[in-house]
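> Starting from the structure of chain D, add chain X where the hints point.
There are 2 protein chains.
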Amino acid sequence: MLAIHERGQASYQATLDSLSHRGTEDLARVEPDVREILETVRERGDEAVLDYSERFDRRRPEALVLDREAWLAEAGRVDPDVRKALTEAAERIRRYHEHQREPGFRYEEDGVELGQRVRPVAAAAVYAPGGKARYPSTVLMTAIPATVAGVKRIVLVTPNPSPEILAAAEVAGVTEVVDAGGAQAIAAVAYGTESIARVDKVVGPGNIYVACAKRLVFGAVDIDSIAGPSEILVVADEGADPEVVAADLLSQAEHDEAAYPLLITLSRSQAEAVDAALERQLESLPRKAIAKEAIAKNGYAFVTGDLTEAGRVATVLAAEHLSLSVEDPDSLLDQVGAAGAVFLGYHTPEAAGDYAAGPSHVLPTGGAVRFSSPLGVYDFVIRSSLIRYSPAAIADQADLLEGLARLEGLEAHARAVAIRRRS
Amino acid sequence: MLAIHERGQASYQATLDSLSHRGTEDLARVEPDVREILETVRERGDEAVLDYSERFDRRRPEALVLDREAWLAEAGRVDPDVRKALTEAAERIRRYHEHQREPGFRYEEDGVELGQRVRPVAAAAVYAPGGKARYPSTVLMTAIPATVAGVKRIVLVTPNPSPEILAAAEVAGVTEVVDAGGAQAIAAVAYGTESIARVDKVVGPGNIYVACAKRLVFGAVDIDSIAGPSEILVVADEGADPEVVAADLLSQAEHDEAAYPLLITLSRSQAEAVDAALERQLESLPRKAIAKEAIAKNGYAFVTGDLTEAGRVATVLAAEHLSLSVEDPDSLLDQVGAAGAVFLGYHTPEAAGDYAAGPSHVLPTGGAVRFSSPLGVYDFVIRSSLIRYSPAAIADQADLLEGLARLEGLEAHARAVAIRRRS
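Residue numbers (numbering that gives the first Met the number 0), protein chains in the order written: chain D, 0 to 422; chain X, 0 to 422.
It is possible that part of the hints are untrue.
Where chains are identical, the list cannot tell them apart; a pair therefore holds if satisfied intra-copy or between any two copies.
Claimed, not checked - The calculated lysine to any residue pairs, modelled on SDA-like cross-linking and capped at a C-alpha distance of 20 Å, are:
1. Lys151 <-> Val315
2. Lys287 <-> Ala276
3. Lys287 <-> Leu406
The hints are simulated quantities; they were obtained by calculation from the structure and are not laboratory data.
Extracted from the complex, chain D is given alone in its bound form:
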């Protein structure tokens, strides 16, 4: 059952305030263990990674880095229909990300050439979890933005290299596969070991150990945002079919007991109709227990009365996935602040974005869309500022530059300009 709050009730704003601070998972309880794992891998390298894999995952692979021929052969065992679907999805994802390429720029002003060079990072690692969250789609959604950015070395890190995962890796352009998981695998790619050269960027979702390890290696490498529970916020006007809205809410509720299925309607009757549809559809769902718990814990409906208030509430909630199931989604979009991915109109299921529409399904959660973006090509590039003065230009600006340097008490800065006045 969704908890329904109507505008005007005291609980309405209080619930919104509380949800706007939902934040991310508290990693403190695993931090001491993770710190120890990171330190041990940094000191002892491959052996430490293998020891931890044996202890935590009850397996000790012969080599951490898979032989390329061998993993491609394993990828070849996948069902041809699965390969075809992965390939079609990959093409759509690739085409979308081509639009995110940045050419850089260069121009001249008063004898000064200025510019920005954009290059791919040298190496990136994409993490793919084992266990219940083993999704080949996530390999596509993390590795393809890196290949489009032009990254030469793309390392898939996974504790469970199944044929489906490896086929996705092949299709996405992964160049190297590391057979390890958990904090020890994050340490291996962040610091480097005898068999694994360090990378520059580590992305992809994982369990609490992986999330904590990513936070702690941040600074030695860059990371993407820390993945929290899935969120979907559906704004449904009177034209939205309650059965369709309920299906969208369930598609995220089934991910995780901690997922957030959130709803905004204009009327109480519409919220109740969606809730009734949820109850009906839940019954036949394979992952019924998970979805039911998510709805009970974090299922909320806000009855806003009008679209202006709906836009305000959606802005406060700052959701990972935002479905605008309304007649004029574009004008509502203009009123909404941050959101990870926006699904416009009645005919766009959030699930399309999870698989094949094009944008990456790796999105900020926990309100982090206020300050971060979907995983994209921009996550895999580094920019350099370019500056070139002509002799006349440096003479022209010398008074300005020396004045500012001396204002700050930095005489050597001023002299590095002054010495060029003569040239």
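Leaving out everything else, chain X in the frame of chain D:
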């Protein structure tokens, strides 16, 4: 004295390896204290910030947020020449950053509309340190990229709001000034207090407490990279004047005893000539003691023999500031990997980039240019993916989407697509 290493010597590659792992400051020693400060501010708000300011900075301002009229009046007290210089620098910085604006995109493919919306974050804080590193130029270099991004609320956070700092804030378009510093000030803007609304992004350099606080609030807000000691790497061919090269090295060495003045030359004689010039120029420098210690601790010269090897060494060193003091800097640039800001040719002092050339002087240090970029407009925007299916498009892709969802065992995902087949 620079430590000179020649290609072929065993020490040459060993020193390079060691410098390529120079990393960032170890924040662990202050972490327990900083955690306590963050928790206390989160619980007790303004009072806690004021208490810590009294304890650490020996002052307790009447209000944490300065009255706008009052700080503008204070900014008005600055020398007219200083204001003119700050304004001219600000205009150049603004013009450069206009080139970094991203328009977003929108296109249609097979009945699916796809796009990316780019918007500014709602609020950003820029930190300006007190003490010896009190630089108005840093206020320009952090706040202007935010104003160009279109950020509506820009909060300057500083423990020492001098007329120069406030004039820079006014010129840069700062909207709010918080009179506090240290970890308590970072906590205040990241979590919010009674008088300060939380922001979405916190940027700018600070001491070890500020750096540690930024790391710990990362996740509640976004941050820029953690500032370490300044670095300059000059690649000097035989055409470079040793006196000019030495002046550039000193302009970063004077910042901090821990700064890195690094040099690449093609010949040993050129390295020795620069070293001799350094000794001479040091004598008359006001900040001689600081610069001398930086050179003694972290001053290295690599004699590479040729430009190809120079490009390789520069790539390994991945420096914050890279001066290509060579005859053909563009062709050398093509061979160099990551660098924060690149100063091309003999006539471009690094100091020009610190003040007025245009690009932000807030750059990644400690090798972090391998995976991060100069502070820019892109740091103050958030992107949202846009997806809109037509009824025909979702029917067309239904087999693909449902197939992938069922491959991953996510039936509710498949049903959210299937329910739209009929439409």
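> Just pull the numbers of the violated hints for me, sorted ascending.
When the structure is compared with the hints, none of them turns out to be violated.
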